[in-house]
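Read off the chains here:
There are 2 protein chains.
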Amino acid sequence: MSKLEKLKGFFNPNIVAFYGVSNIMQKFGTLHLTNLLSAGFQGKVIPIHPKENEIIGFKAYQTIKDVPEQVDLVVIATPTEYINDILEECGQKGVKYAIVLSGGFLEVGNEKGQIRMKRIADQYGMRIMGPNCSGEVVTPNINITHVPWPPRKGGVSIISQSGTYAVQPLIAISEKIGVGISKIISVGNEVNTDLVDYLEALEEDEQTTCIGIYFEAVRRGKEFIEAVKTINRKKPIVIIPIGQTEAGTRSAKSHTAAITSPGYIIDSICEQTGAIKVKNSIEMLNLLNGFDSLPLPKGNKVGILTMGGGPGTLMSDLFESNEMKVPILSSQLQEKLEPWMPETASTTNPIDLTYSDDMQNYLNVLPEILLKSEEIDSLIIYGLMGSEYHKRLVNVPDFIKENPSVITLRNFGEMMHEFFIAIFDELIKYKKKYDKPIILTCYNMREEKFVAYLQDNGIPVYYPEEGVWVLIRMWQYAKFLKS
Amino acid sequence: MSKLEKLKGFFNPNIVAFYGVSNIMQKFGTLHLTNLLSAGFQGKVIPIHPKENEIIGFKAYQTIKDVPEQVDLVVIATPTEYINDILEECGQKGVKYAIVLSGGFLEVGNEKGQIRMKRIADQYGMRIMGPNCSGEVVTPNINITHVPWPPRKGGVSIISQSGTYAVQPLIAISEKIGVGISKIISVGNEVNTDLVDYLEALEEDEQTTCIGIYFEAVRRGKEFIEAVKTINRKKPIVIIPIGQTEAGTRSAKSHTAAITSPGYIIDSICEQTGAIKVKNSIEMLNLLNGFDSLPLPKGNKVGILTMGGGPGTLMSDLFESNEMKVPILSSQLQEKLEPWMPETASTTNPIDLTYSDDMQNYLNVLPEILLKSEEIDSLIIYGLMGSEYHKRLVNVPDFIKENPSVITLRNFGEMMHEFFIAIFDELIKYKKKYDKPIILTCYNMREEKFVAYLQDNGIPVYYPEEGVWVLIRMWQYAKFLKS
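Chains as they are written, first to last, in our numbering: chain A, 1 to 483; chain B, 1 to 483.
No lab work stands behind these hints: they were computed from the structure.
One should not assume that every hint holds.
[To be verified] From the derived model, a few chain B residues whose C-beta atoms are all more than 10 angstroms from chain A: (1) Met1; (2) Asn14; (3) Gly163; (4) Lys176; (5) Ile240; (6) Ser268; (7) Cys270; (8) Lys279; (9) Gly310; (10) Leu314; (11) Ile421; (12) Ile428; (13) Lys431; (14) Tyr434; (15) Glu465.
[Unchecked claim] Here are the simulated lysine to aspartate or glutamate pairs, EDC-like style, with alpha carbons at most 20 angstroms apart: (16) B:Lys479 - B:Glu426; (17) A:Lys27 - B:Asp358; (18) B:Lys176 - A:Glu81.
By construction, the Cβ of each residue, glycine as well, lies at the ideal position given by its N, Cα and C atoms.
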């Protein structure tokens, strides 16, 4: 059985039973049930409840033994004291997969309870995610977490030893950044499935292109390092270490039963395996978004196309201080650019248009000339103010708008958007055509329609400095693969 | 005359004339005029146009000499070749302040044109902002830039040697971050007013509490260092250097006529003066937001109040790796906290509630116990999902909502918001009452009503990692002041 096949009940269940649900919607367990439904789950959900016959419209059973069908997965959110008996019952029923959301085990010193859980699981050949975890997301239709919306579908998978990070910020940020998620797994106390198991499954998972880990501690060190070493050569692995100082360790210990690994251990793991260490969630998701959306840069030469000198200068500085080059373009290439540039522009690289409202020129003609050339391996673009900007342009006092001699900009925002889409479609094609990373940077995020459009079609959009860092780290990874 | 008084025509003009405007709204000059009107400018605007009698509803004059009133400030956005003649005319009319938006001078090698401009300015005792600049913002009612909305009013002032950074990202980001702006000044080629002049004026400006600089190069080195040294002890100065590498310098040269200063110079300036160097706009504005909103920490001991272990751990690590302490609380203090904590919670610090829906407890009772104590000097809080989260909770399939036995969460989002406001008002009071920094962190930004409410009332809201960095840098500044 493949590593992925072994965990199929988590990733592809048809019938899911819930313990700890009721007709009160804000109850923790009920939230998980309704969030699964809201995500568009195609299978069947079965509430188990000692008293109610119906829960939020679904027939409820008093015990799992009363359920006529075979159950693929149970989700448990009851008080701690009932959990092991429930698992025992599920084992007898032949359930092979359980997500135990509830805590109250090793993380609060209840070693006995956790040992009993492991024994039950082993006895019945049952795989448990948790206990003391935040559940899982499998896009597009499975969301068994307390956050009431699933992230957008994509190729990024995350394994988290922090329950909070597994869901709250992750789902919230991934939506803002426009990163596409395949799976989120909150491992909790790792009673009988752990970081290594999920890593190995994601290696085989065709939906996963790259992997992020919120790392607190590892229970099988050798296997972890081996897994990271192998998998990172196929699918980039990005790690956020948490719990590296005395206070951090104290905090981690109080919530996940983990003896955290000191900082030098994760540094050494990254050095041995080529995995990439980052400092926070936004950095991690930005980078994974890059890996998921873009080809790797084939060299360190970057073309910067900008409207406005400051951002071009700042980006140049960052690249050149971090192993990349913003080369002066050859006079032949500069000659090709010149007919398309305003008079005050600079063609050396950064290619700075200063200002232009010819978007077709800016986002199609000039990028294609640059991407075609062998003088650059990647292209980063700065300078779109977005439809919000254009919309607000019409936000002028009424007496101006109503003046008949004034050519106003009413509906300019909407016009711009439609106009942009055709131009963006062309830009999006260049990524495959020239097989080079293209990054767009601006100070708008996904609330702008065109940003969402680009992100959904595989061109990541970042703040300028963030975009530079993504490209730098992708180049570092590309170099590592060659080494 | 005070330094501020010398520049009053820029900061407090009553009558502003515009060159380079027309009845076509998207024309660059016209944008500046309408943006000034949209900001609610209380004075008078006068278009100057060789042919039109009326521009967007205002009487236009053929030349400035025809204007009956004395003009305080002219804004010029015409083609380069007309500018010096216009300035000459303005000088004769007795205009003392001019913003020259147009470029085409030293930055493209037109040394002659810029020398003539300086001569005209000196001859008539006229002060020029620019040329080749992006204008200025003076909140709340002056916005002479091409970005069609002014930032929120506050105490942060920015001087920028980058025209682009002065406006596009700055205004867009400051709105997102919820930072309050006093003034934004784009110095351009600095023909006869420069970085040092504006710094000295901001020192005297009562509306300004702290200052950010986009720094490319300095033309009066000794004066600049002296000014930063003096002012930074009263009003924290945060600097972003741009143009520090070969490519960066090349880029900067092509757009601002600046010979950029190599990186070690700004490092040395910061070391000599105590000014704070940061890497990007978001870092700068987050930090300035902290300085503008919060008292300085009086010591390095931080209390972390969190719902969810991961973010608590990550914040602990960051503090402890950067000169701050997350001390274990005394048993007496822990005893005071315990009655208010859930059973699974940890009181050592981070104070981790794991989960609780008692917001009054979380944001009033526990913070006040902590702030009252001498064991912590600052408080950082993590863990609000926001009204969006609560609203989406009701986004469940209709058959559930319509089931009469289900206690739904309809309007829960709105309810939560009103409920939060009362609790936030209490928290806001503690800042003054205990004179300690309070930072709230979450993964929601200003689009959430409660985030905007907190920011507008002086409690900054950041992503967790960002909030930690703000506090670390504020502590470093506080230590510098003591040294």
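Here is what the structure says about each hint:
1. Met1: holds (32 angstroms)
2. Asn14: holds (18 angstroms)
3. Gly163: For Gly163 of chain B, whose nearest Cβ neighbour in chain A is about 7 angstroms away, the distance does not exceed 10 angstroms, so it is violated.
4. Lys176: Nearest chain A Cβ is 8 angstroms from Lys176 of chain B, so the label is violated.
5. Ile240: violated (8 angstroms)
6. Ser268: Ser268 of chain B clear of chain A: closest Cβ-Cβ about 17 angstroms, beyond 10 angstroms.
7. Cys270: Holds: least Cβ distance 16 angstroms, greater than 10 angstroms.
8. Lys279: violated (7 angstroms)
9. Gly310: violated (3 angstroms)
10. Leu314: Contrary to the label, Leu314 of chain B does not stay out of reach of chain A, its closest Cβ about 5 angstroms off (not over 10 angstroms).
11. Ile421: holds (20 angstroms)
12. Ile428: Given a closest Cβ separation of 24 angstroms, the condition holds.
13. Lys431: Lys431 of chain B clear of chain A: closest Cβ-Cβ about 24 angstroms, beyond 10 angstroms.
14. Tyr434: holds (22 angstroms)
15. Glu465: For Glu465 of chain B, whose nearest Cβ neighbour in chain A is about 4 angstroms away, the distance does not exceed 10 angstroms, so it is violated.
16. B:Lys479 - B:Glu426: violated (30 angstroms)
17. A:Lys27 - B:Asp358: Since the Cα atoms of Lys27 of chain A and Asp358 of chain B sit roughly 14 angstroms apart, the hinted pair holds (cutoff 20 angstroms).
18. B:Lys176 - A:Glu81: violated (46 angstroms)
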